[in-house]
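Enquirer: Residues per chain, in single letters:
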Amino acid sequence: MWVKLILLLLFCLMILGAVHFAPPRESGEPSSSAKVVHSLRLLTWNIGYAELEDDTRAHDKDLTAVAEVILRQDPDAVALQELTGNAQLNILLSLLHGKYRGAVAQQGKTDRFEAVLVKDTGATFIPVAVGGRYALGASFKPREATRQVLLLSAHADAFNAARRRTYTEALIDWAQARAQSSEVFIAGDFNFELKAANETNLYTDNLKHDSESYSHILRYFRDLGRAAGDTAINDRRIDYIFGPPALAQIGRVEVLRDAAVGRMDHWPLLVEVGL
Amino acid sequence: MITLLKLELEKLFRARSFYLSFIALIAFVALMLWGFYTYAARKTGGEAVEQFKYTYESKQYFNGLTFALYSLLFSFTLLLPIFVSMSAGSQIASEARAGTLRMICTRPISRASLILSKFLVSAFHAGLLLTFFIGLNLVIGLIFVGWGNLELYPGPLNLVDVPGKIMRDEALMRFGYAALSGTWALLVVAALALLCSVIFDSPVQATVMTIAAYLTLYIIGRVEFFEHLRPYFFTTDMDFWRDVFKPDIPWQSLWHYACVCGAYTTGLLLATVLIFERKDIVT
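If you read the sequences in order, they're chains A and B.
As numbered in my numbering, residues 1 to 275 make up the first sequence, in order.
As numbered in my numbering, residues 1001 to 1283 make up the second sequence, in order.
Just to be clear, a hint being listed does not mean it is correct.
Unchecked claim - Calculated pairs, SDA-like style, for lysine to any residue (alpha carbon to alpha carbon, straight line, at most 20 angstroms): (1) Lys208/A / Leu1157/B; (2) Lys99/A / Lys141/A; (3) Lys4/A / Ile1275/B; (4) Lys1043/B / Asp205/A; (5) Lys1043/B / Thr204/A; (6) Lys208/A / Pro1156/B; (7) Lys1059/B / Arg219/A; (8) Lys4/A / Gly1267/B; (9) Lys1246/B / Leu218/A; (10) Lys208/A / Leu1073/B; (11) Lys195/A / Phe1226/B; (12) Lys195/A / Ile1219/B.
Simulated from the structure, these hints should not be mistaken for lab results.
Whole structure, please, built from the sequences with the hints as guidance.
Expert: Next up, the structure:
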């Protein structure tokens, strides 16, 4: 009898212990810090579609919704990915009522383009050749008193981790060389698969390549959107905004999960920082 | 109870499968050493440097502690549960198969005490296996790969979100913690195997059913279709033992999952006792 009583007692104790030590539930509120700073507000968004569609690039019919999100959030600069080209950018700029200037990257080996939109009328756009692909940089001053800011819009290969690694290495080399003269931010869809639980194997080259890429970026930059969680469907965090490691303040960091329209598989990531 | 434990321990040490489990682990460590050694040599050689410009995989990264960690994490999920299932699954069923169970139950000992002593012996075997395995990995790692700090990176092993480092002495302590947390997690499998051992009269059937249940939940837990069911599988909760290798141990979460595993273990043991007490032993 005493064995059963001891087991029952232990069972109850374990249940009580599990309840007592249960981690606090995450609130449904968007992730953000209490102190909101407005020095620089950046947004990145891959506005392309999920792979199920015939054309996975951005669709013209969604641009109104994209423009509405941008106007509502009012970022200083926006990094966009998977545009079809200049024509689409011009439609978007007109929907933004002239509040932003923008450019698309040069065409690389793919059929889609990165773009940057900036409020500052004095902004200059810089093409960045990264292997067979092109990223796009925009140099601007968000406020008179602040340093020059360089925002890169990047999109790494979706299907090959080794190519993502090569791309990341070249991009970081390029950005690092400009970190002395500007506050460099890198925003975009890097497609890193870093959750080992999503892999069927215990250890894969793909996982390791993405690990090396991400770790390499973190040697020089800070992952500003980490607290905001997943940025794409299927619980993936593949969109990032990286910034200087010595940033004075980080304010609002949020993934705008109600922003996607149509068959978009990414949500925009918004980050506010104090320079 | 003490006499019962002594007798059960004697049976354990006499069993051939007890020594087989250690031999299998030694073979696994040898295989891991060969894989790790050749991989490390390849990755710190010319080939890797030619293809990519930057890597964290240096001679400093590939050390005995990294080797022990990889070996432990790879084997814990699929290898150790098999031996624990074999050991616990044969406890009652092998007595039934050999025809000695009826005789044991005619002695003036309660069936609950018998179950408890058999479980404690299985738990001892699980603890010994894991401690031996960790110790062997560390010794082999020290001799053949060399010492250093434990460097952790996001992605592989799924332990950290950002690159981190655990200093050598602290890392050795963490392996000690892992022996405790890992054994505690394995007790769930042991309790399940003991339950199967009471239900089935064949030790093979009991072991296979335990492994089948474990693997089914483990595999289903890795398939995205069943993402929402994942939190309800004991295989998910068992994963808590790895948290001791995070640079900052999440103690609250660790205690929570340790208690959940404890609840599974004691709940299964209670069910085993209740079933065994009502069991008509005919062999």
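Enquirer: Assess, step by step, whether the Cα of Lys99/A is no farther than 20 angstroms from the Cα of Lys141/A, and give holds or violated.
Expert: 15 angstroms, holds
Enquirer: Between Lys4/A and Ile1275/B, is the straight-line Cα distance small enough, at 20 angstroms or below?
Expert: 12 angstroms, holds
Enquirer: Compare the distance between the alpha carbons of Lys208/A and Leu1073/B with 20 angstroms, and conclude whether the hinted pair is satisfied.
Expert: Status holds; Cα separation ~16 angstroms.
Enquirer: Straight-line Cα separation of Lys1059/B and Arg219/A no greater than 20 angstroms?
Expert: 19 angstroms, holds
Enquirer: Starting from Lys195/A, check that the Cα of Phe1226/B is at most 20 angstroms away, please.
Expert: 17 angstroms, holds
Enquirer: So if I understand the rule, the pair passes when the alpha-carbon distance is 20 angstroms or less; does Lys1043/B with Thr204/A pass?
Expert: 14 angstroms, holds
Enquirer: Is the Cα-Cα distance between Lys1246/B and Leu218/A 20 angstroms or less?
Expert: 18 angstroms, holds
Enquirer: Within 20 angstroms, alpha carbon to alpha carbon, are Lys208/A and Leu1157/B?
Expert: Distance ~10 angstroms between Lys208/A and Leu1157/B Cα, so the pair holds.
Enquirer: Just to be careful, I want the Cα atoms of Lys1043/B and Asp205/A compared with a cutoff of 20 angstroms; is the pair within it?
Expert: Holds, at about 12 angstroms.
Enquirer: Holds or violated: are the alpha carbons of Lys208/A and Pro1156/B at most 20 angstroms from each other?
Expert: Satisfied, since the Cα-Cα distance of roughly 6 angstroms is no more than 20 angstroms.
Enquirer: Straight-line Cα separation of Lys195/A and Ile1219/B no greater than 20 angstroms?
Expert: Judged against 20 angstroms, a Cα distance of about 16 angstroms means the pair holds.
Enquirer: Are the Cα positions of Lys4/A and Gly1267/B separated by 20 angstroms at most?
Expert: Between Lys4/A and Gly1267/B the Cα gap is close to 11 angstroms, so the pair holds against 20 angstroms.
This entry satisfies every hint, going by the numbered hints stated previously.
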